[in-house]
Amino acid sequence: MEQMITVTIDGVQVEVPAGSTVLEAARKANVNIPTLCFLKDINQTGNCRLCVVDCGGRALQAACVLPCTPGMVVKTNTPAVREARKMNLELILSNHDKKCLSCVRSQNCELQALCKELGVEDGDRFAGAQSTYAIDDTSVSIVRDNNKCVLCRRCVGACANVQKIGVIGPVMRGFKTAIESPFEKKLAQMACINCGQCITACPVGALTEKDNTKEVWAAINDTTKHVVVQPAPAVRAALGEEFGMPIGTSVTGKMAAALRRLGFDKVFDTDFAADLTIMEEANELIDRVTNGGVLPMITSCSPGWIKFCEHYYPEFLPNLSSCKSPHEMAGAMIKTYYAQKAGIDPKDIVVVSVMPCTAKKFEAKRPELSNNGLFDVDHVITTRELAKMIKEAGINFTALEDEDFDSLMGASTGAAVIFGTTGGVMEAALRTAYEVITGETLENVNFTAVRGMEGIKEASVKVGDLDVNVAVASSTGKAAELLDMIKNGEKNYTFIEIMGCPGGCVNGGGQPIVSAQIRNWEDIRTKRAQALYSEDEAKTLRKSHENPEIKQIYDEFLGKPNSHKAHELLHTTYEQRDLYL
Amino acid sequence: MDLFRAHVLVCGGTGCTSSGSAELIKRFEEQLAANGLDKEVKVVRTGCFGLCEAGPVVIVYPEGTFYSRIKVEDVDEIVTEHLLKGRIVNHLVYKEKAEEEETHTTLEDIDFYRPQMRLALRNCGRIDPENIDEYIAFDGYKALGKVLTEMSPEDVIQEMIKSGLRGRGGGGFPTGKKWQFAAASKADQKYIICNADEGDPGAFMDRSILEGDPHSVIEAMAIGGYAIGASEGYVYVRAEYPIAVKRLQLAIDQAREYGLLGKDIFGTGFNFDMYIRLGAGAFVCGEETALMHSIEGGRGEPTPKPPFPAVRGLFDKPSNINNVETYANIPQIILNGADWFTSIGTPGNSGTKVFALGGKINNTGLVEVPMGTPLRDVIYKIGGGIPNGKAFKAVQTGGPSGGCIPAENLDIAIDYDSLTAIGSMMGSGGMIVMDEDNCMVDIARFFLDFTVDESCGKCTPCRIGTKRMLEILERIVEGKGEPGDIEKLETLGENIKKTALCGLGQTAPNPVLSTLKYFRHEYEAHIYEKRCPAHHCQKLLNYVITDKCRGCTLCSKVCPAGAITGTVKEQHVIDTAKCLKCGACMEKCRFGAIEKH
Amino acid sequence: MKSLAELEAIRQKTLSKVGTRVEGEDEIRVVVGMATCGIAAGARPVMLKFVEEAQKRNLKNVTVSQTGCIGMCRLEPMLDVIVPGKEKVTYVKVNPDMVSRIVAEHIVNGHVVTEYTIGAAEGK
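Protein chains in written order, with our numbering: chain A, 1 to 581; chain B, 1001 to 1597; chain C, 2001 to 2124.
Okay, chain A solo, but in the shape it has when bound (with noise of 0.2 Å):
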């Protein structure tokens, strides 16, 4: 039984488990206690102190990381708190360099938020001195803009705590602080990898991805080119957000639909290409344990644990599959296959990816993803760059009527869609693996021991005769944890899937940014994956070899899984990387 304490917010009286904060305690009240720097299991430091409260000391408490005690009384709207809350607010605007209205986060700001709801009516109360930083946009997936940053450190939290990478962090002290890596190094410069959960977390738009809008565009305008878009699975369960829709809505077939109207010559779907890298790595799968691979294998479609295995954990670089991640397989396939039965020349045409993520944009330059000269995949951009292009083309996309991707690589099976959240490649893998094997249809689809948010899931799935133990993980912080467990020789699996982000792709670094406001109260990781999981409760095919374009393209193309030419054009190679660069 969980100890229940009781304390008085604003005159009200909770009941909270102990060890709750005042925040939360004040939340139970029915007050909103404003926050900036605290963000739920990311960041919990007390430094913006905006949530100043007056529990009868000399000085005021921040709430956000206050542990309640018993029979505590809390005062959160008194004149000197109020005061002294909008007073840091109004420091923290006199430092801040507010180019709101063409701010890529106007309208989705917290600060601008705390700055309406806290009453600023003089944000230059408190002028003086204002640093100022070149931007730093070296990285091929994330800008960082610090003249517009309030030093929250959500994303230092993001990348030192959760991710266990910490390639930012507070450099310099005083007024001069800012937030940057070691040793005056760009982010290109360090160990990075590009996850972009630094994106999310950041309150203000001191965080951005790389905007690649504007070659895709250009691409579209291009009438020598022919352009082929491909959204991921994870896009579709949140892409609505950016349009005010509930978290949680698959808009697939809006999507479809949009893109279209965008421009885009053929509207694929990376869903297909999930399905045909379970084809190749369910039997790469078995290949290894048959004939004595390397094991446990590890998956490879998230391209941020990929190069956080390439800085950190080079040791199991020959455990990873060799499958391209799915984006990657059908820009290979596009500009082969595809461009074979189209009859068009591969050097006319564009591959454009929409992600969740913004590592992407960095695994889309990799050499070794390319087949001929051409890379697999032209252009990449994330959800949030989409919503940007559907808003800037006037599309109303709430009301669109739905629309199917183009047929040949468009078709997909619920394995597929449930690739954007964690435990969907393991479960899709195991669903294709178990027929293969046991040469039995698989009656109960769902394997549910590997869903869910938690950071670690482990199973054991009995498949025949054998008992396969298979792990998950999602953040390269949980993954660090697993590896390192494996390494002692605590742990011993067969396969393992890993995803880069906590929760996987639903909530990676390209996904729309959602306010702290709610994110510390709301879960939305599960909302988005629910959508996913929806999708393939509903679809009749739910195993990815079932998929007839899949079977398709090995007759007519690529023979039969792990095939010489599937190798060709579908699996990739790994090499160690340097921590500072």
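Incorrect hints may have been included.
Calculated pairs, DSS-like style, for lysine-lysine (alpha carbon to alpha carbon, straight line, at most 27 Å) [unchecked claim]: (1) K1317(B) <-> K164(A); (2) K2002(C) <-> K1039(B); (3) K116(A) <-> K1085(B); (4) K1142(B) <-> K2013(C); (5) K462(A) <-> K560(A); (6) K1085(B) <-> K2049(C); (7) K1517(B) <-> K1548(B); (8) K2049(C) <-> K1146(B); (9) K1142(B) <-> K2017(C); (10) K527(A) <-> K539(A); (11) K86(A) <-> K1039(B); (12) K1146(B) <-> K1390(B); (13) K1305(B) <-> K86(A); (14) K1026(B) <-> K2017(C); (15) K1146(B) <-> K2093(C); (16) K1390(B) <-> K1588(B); (17) K1085(B) <-> K2088(C); (18) K1263(B) <-> K2002(C); (19) K75(A) <-> K1162(B); (20) K1578(B) <-> K1588(B); (21) K1142(B) <-> K40(A); (22) K1539(B) <-> K1390(B); (23) K214(A) <-> K98(A); (24) K2002(C) <-> K1085(B); (25) K2060(C) <-> K2049(C).
Residues from chain A that face chain B, not an exhaustive set, calculated with beta carbons under 8 Å [to be verified]: (26) G46; (27) C48; (28) G56; (29) A62; (30) P70; (31) M87; (32) L91; (33) C115; (34) L118; (35) V120; (36) E121; (37) G123; (38) F126; (39) R173.
Calculated directly from the structure, the hints in this document are not laboratory data. Heads up, the beta-carbon is just placed ideally off N, CA and C, and yes, glycines get one too.
Knowing the structure of chain A, use the given hints to seat chains B and C on it.
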């Protein structure tokens, strides 16, 4: 066995080392050998005697003769006269005042020392800090022995609570209570930490103790370890204290060699060892949570309390942290008892406090007085008053975290509560005296400049708020103050005090708020009359030549800006537009004809 | 360090070395005339003998110090033994051999060695 009839104690504190005491020691050794006295006279390098103003300081025992400002050349005379022939070298003996005829031969005769009571500094200047045997000779490690063989951890804590010892690092939290909290936390590992990250400008109490009596800290930490159940200790000391670090390390090594640190101390089964960690000199690392993060290898930044160190401290384990001076008191409290300790000082403020006296005062140096000593006694009796016949204006206690105390409060008794009541604080013990020439706005600006520079940058009010306050102060001293600035300073100051994350941020506005309280008229004069009443702020003063001028032309020759004109034997004139306000003319004028307005 | 006795042993041993720096209330002072005349007459070995004797007998309350010329150079080496609360006793023409007796009888047992004193030497 070595037999020495006389001991020459040469101060080896940082102050005296800077003024050349190392050469003195060398010269003494050479001269003693040359005179065949090296077998009967021992030269000992000790810790700080406190009267740094008079350094380098040499004391010759058994007479206890107190020689001051000794130069290498003086050594020969002391050896041939005093040590060989037994004649005290009167002209080298310390004099209270320059014009004074009478000399005081021993420490006890000197006004600087007479009102003092040296508890924390008891061994400083008495023992060779690099020799553990000397510490043991003066009852060293006896308290540890007593604690381990006769007392339970609970007894120790109760004795500490009874003694009323409060943290000497600034906060004044009861040490016994702190130990009790740490003792109550259950854990497989606990830590005892010594905060030796002394960072207040001008303060050097802790440095002197570590330099002069490092074993007292080691012994106290072992006692603390026993009381709270910690087997490991860390001393966090700034790397800028090389002598202190060296002697402390030597002391730790010697204590280990004697088995006073390590396993099974005194055969009681108690294990305790300790390590030094060097700080890179960030002021904020004196804040206990920041200090612990720095030991852990992280950035030295405070984290919110709770959790308090006693619950979750160093490496997330329950920890107790006290400062150097606090520890230095503990062995004596154990040996002499809590009742003895409470008999010193005033109720609720037992014992003594060490201060580093500096600024506009005759006797700068280290002083230790019983709590409750009137501030006036420290300034006038011990400090010898203000030099050059100037008037006392204020004294800043508590460094950048404290506040100024004006003349009207000179008679307050020095203790934690009285100082806090008047808007200052005890702090770690810096005491900077200001006279009529000090501009209080500029003093506030000086301290805030320090805090802004040393802010860790973590929380908003300290990172930006103190910077904004500093900008306003800079404006005011430059004559660009605007109506509303005082009110803005107050708003910012009060809110930073209320909302900053750590103690350093919360106290940062104190110098401004206390000068605003006692010297508001100086702020007003700067802002509304564009005038600095102390004639200190360069931008707000004009040099003028009065009719005392004889027309000697010296001033016009020395003026680097060519701002002074006039013909020989006639009154000269300064062109204020050209004047750089460097003051060179005023210095040169032999007739006192140039004045600052 | 395995016992308090060990600590006490170090303390005792060292205290005798640093005792000169302790200001005791019942301190007995031996002041040896060490001006040129005294030194010429052999005051130095006398003084050293005192230090040695004090050390040997572990007399912590005795300090040996020097002074200048007392003015009766013919009686050198001269020295004063000053016991608190008693009159100062001046010994004259002291040689190292006499020191042991002065220490044993006067300093330890409180009996003045009358025959060595200035009174005896100047002869009534």
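Here's how the hints hold up against the structure:
no. : hint                  : in the structure
1   : K1317(B) <-> K164(A)  : holds (22 Å)
2   : K2002(C) <-> K1039(B) : violated (33 Å)
3   : K116(A) <-> K1085(B)  : violated (87 Å)
4   : K1142(B) <-> K2013(C) : holds (15 Å)
5   : K462(A) <-> K560(A)   : holds (26 Å)
6   : K1085(B) <-> K2049(C) : holds (17 Å)
7   : K1517(B) <-> K1548(B) : violated (39 Å)
8   : K2049(C) <-> K1146(B) : violated (38 Å)
9   : K1142(B) <-> K2017(C) : holds (19 Å)
10  : K527(A) <-> K539(A)   : holds (19 Å)
11  : K86(A) <-> K1039(B)   : violated (74 Å)
12  : K1146(B) <-> K1390(B) : violated (52 Å)
13  : K1305(B) <-> K86(A)   : holds (23 Å)
14  : K1026(B) <-> K2017(C) : holds (21 Å)
15  : K1146(B) <-> K2093(C) : violated (50 Å)
16  : K1390(B) <-> K1588(B) : holds (21 Å)
17  : K1085(B) <-> K2088(C) : holds (21 Å)
18  : K1263(B) <-> K2002(C) : holds (10 Å)
19  : K75(A) <-> K1162(B)   : violated (36 Å)
20  : K1578(B) <-> K1588(B) : holds (19 Å)
21  : K1142(B) <-> K40(A)   : violated (52 Å)
22  : K1539(B) <-> K1390(B) : holds (23 Å)
23  : K214(A) <-> K98(A)    : holds (25 Å)
24  : K2002(C) <-> K1085(B) : violated (46 Å)
25  : K2060(C) <-> K2049(C) : holds (16 Å)
26  : G46                   : holds (4 Å)
27  : C48                   : holds (6 Å)
28  : G56                   : violated (13 Å)
29  : A62                   : holds (6 Å)
30  : P70                   : violated (14 Å)
31  : M87                   : holds (5 Å)
32  : L91                   : holds (4 Å)
33  : C115                  : violated (14 Å)
34  : L118                  : violated (13 Å)
35  : V120                  : violated (14 Å)
36  : E121                  : violated (15 Å)
37  : G123                  : violated (14 Å)
38  : F126                  : holds (5 Å)
39  : R173                  : holds (5 Å)
In this structure, the earlier hints numbered 2, 3, 7, 8, 11, 12, 15, 19, 21, 24, 28, 30, 33, 34, 35, 36 and 37 are contradicted, and the remaining ones agree with it.
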